[in-house]
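Peer 1: Residue strings, one per chain:
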Amino acid sequence: MSELLKNIIRFILFILVQVFILSRMPPLHRFITPYLYYLYILWLPFGLSRMSITFIGFIYGLCLDYFLKTPGLHAAACTLIAYVRPFVIGMLISQEGADKNYVAPSFVSMGWAPYGTYVLVLTLLHHSYLVLLEWMSFGSFVYFVGKVISSTAVSLVLVLLTEILFFRKQKFRTNTI
Amino acid sequence: MRNVFLFIRRHINFLFFLVLQIVALSFLFRFNSFHEAAFLSVSTELTGRLNEKYNNIEYYFQLKKSNEALVQENAQLRNQLHDDFAAPDSAQRLFRDSVRTDSVRKWLVMEAKVVNNTTSLKTNYLTLHRGFRQGVRPNMGVAGPRGIVGQVINVSENFAIVMSMLHPQFKVVARLKKGGETGTVSWDGVNTNSFTMRGIPRSASVAVGDTVQTSPITFILPANLMVGTITEIVPDNTTNFYSLRLRPATNFSNLEFAYVYENLQADEQRRLEDSTRKKLQ
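Line order of the protein sequences matches chains H and A.
If you're matching positions, the first sequence starts at 104 in our numbering and goes up one per residue.
If you're matching positions, the second sequence starts at 327 in our numbering and goes up one per residue.
It is possible that part of the hints are untrue.
As the list claims (entries may be wrong) - Restraint-style ranges between C-beta atoms, simulated for each label pair:
(1) H:190 - A:607: 54 to 62 Å
(2) H:214 - A:334: 36 to 44 Å
(3) A:559 - H:269: 47 to 55 Å
(4) A:503 - H:112: 48 to 56 Å
(5) H:243 - A:340: 30 to 38 Å
(6) A:550 - H:113: 49 to 57 Å
(7) A:559 - H:243: 28 to 36 Å
(8) A:388 - H:203: 45 to 53 Å
(9) A:525 - H:243: 19 to 27 Å
Hint data in this document are derived by calculation from the structure and do not stem from the laboratory.
For each residue, glycine too, the CB sits at the ideal point set by N, CA and C.
With the hints as constraints, model all of the structure from the sequences given.
Peer 2: What follows is the structure in structure tokens.
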């Protein structure tokens, strides 16, 4: 399957899962909102230019907003993590050109620790920005910190489960530089 | 001039990011004054269709619950039948015609299926499968089998978006069933099971467990619909008013059907009030 087709299917599946399963769940606690949809942006291929990644993030967030009726909220957060993503990858990649040997970021292509850090940083960033935008209307500081931390913890568990359940095999591509 | 172009070329990615952020944030903050629902009007039809498909499946799993709610409502209606009341004296039986010929209809009730419903977000909305073609207009009130639910804010051809009571901008005028004192009910955005009612004077007699109903003052809903019951009384020491905590009568998480109320005399009342206000100015 081509990389483009794979990403289009992922786009639809992630939005459907977020809208029809995760957002429909009765709230466990007022601090916890389970989010998984942003994993799509983390899984985008290395090869995309920074501008197109930012744009994909915006469109992706906007699509979710149309379903959840929160215009611009998720679009803003997705644009932010999509824009920051190349910087984080650049900092964490272990050796020069490692991002040319594989298609997309994963445990295999980046190694366990760098990939874990990559997910953690972008998850924290996404959740903080999202809660901050919500917070501008009402809430307290304890609410802000509590919600960011507990939502991040739940999201990380969901990401780990997804990574294990849908293990992405990544081929090593030599002589591609 | 050349430097400006150079600057733009060098920072094109960042500028592009800024533009997208500004677009997203302007969507977000302009929408908060909820009259501008233009964002949704295009997509409501599409997302509504998808939600309907999903709801058709989900509906089977909740048949039991919605049956129970319907049976309860039936029982409540049956209790109001005049046949259930025996007259004390058979010689002086009182007949009452249920259709009053000398009255003018004020409220028209339309039933609607709930095809999408959120309760866990900060701002919650419902989607009803009944829209402009079926007679729904913005600003109509919505109630469920057990109590009030919200207010219509946007309609497309076949769907309507309802601002749920679980929305910080939703306010409804309500009164205590016992004493008739009027106050405003709103949601503080924290707990889905707790609403706040303000504006009840301290002179009112209030007890935990009292019923709160809609007041005849509101435009959007008829009087005497259940809003909730009082769970806590907080005396506000700085003013002469109570601040009451309510548990809503409606269970928002398992709504299957809702009733949309159309106020047939709203236009006339509003016109009279507006013209009076103009005259006084």
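Peer 1: Give a verdict on every hint.
Peer 2: Evaluated hints:
no.	hint	in the structure
1	H:190 - A:607: 54 to 62 Å	holds (59 Å)
2	H:214 - A:334: 36 to 44 Å	holds (37 Å)
3	A:559 - H:269: 47 to 55 Å	holds (52 Å)
4	A:503 - H:112: 48 to 56 Å	holds (55 Å)
5	H:243 - A:340: 30 to 38 Å	holds (33 Å)
6	A:550 - H:113: 49 to 57 Å	holds (52 Å)
7	A:559 - H:243: 28 to 36 Å	violated (24 Å)
8	A:388 - H:203: 45 to 53 Å	holds (52 Å)
9	A:525 - H:243: 19 to 27 Å	holds (24 Å)
Violation of the numbered hints given earlier is confined to hint 7; every other hint is satisfied by the structure.
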